[in-house]
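Work out the full structure, taking the sequences as your base and the hints as a guide.
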Amino acid sequence: LNPFKFGKTESALTYSFYRDVFFFDAMLNNQYHEISSIDKKKLLTQIKEKLGKKE
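In our numbering, each residue carries its 1-based index in the sequence shown increased by 133.
Certain hints may be false.
Pairs of lysine-lysine residues, derived as DSS-like cross-links and limited to a Cα-Cα distance of at most 30 Å, are as follows [to be verified]: (1) Lys175 - Lys141; (2) Lys174 - Lys138; (3) Lys183 - Lys141; (4) Lys173 - Lys183.
Derived by calculation from the structure, the hints in this document are not laboratory data.
Structure below.
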């Protein structure tokens, strides 16, 4: 498993209806996909750079 994790407590498994079925244990090589917060302007700039567009 590689669910996203936002902050210290929120993850994809937090809101999943299938929590009882999923078995996530960081000690068993399962890792979170860390998501950091970013402001909208910086995000749009990074997207434009990735797409190779200039303003």
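For each hint, the structure was consulted:
Under the criterion of a C-alpha separation no larger than 30 Å, the hint pairing Lys175 with Lys141 is consistent with the structure, at around 23 Å. For the hint pairing Lys174 with Lys138, the CA-to-CA distance comes to about 22 Å; that is within 30 Å, so the pair holds. The hinted pair formed by Lys183 and Lys141 meets the criterion: a straight-line CA distance of about 28 Å does not exceed 30 Å. For the hint pairing Lys173 with Lys183, the CA-to-CA distance comes to about 15 Å; that is within 30 Å, so the pair holds.
Hint compliance for this structure: no hint is broken.
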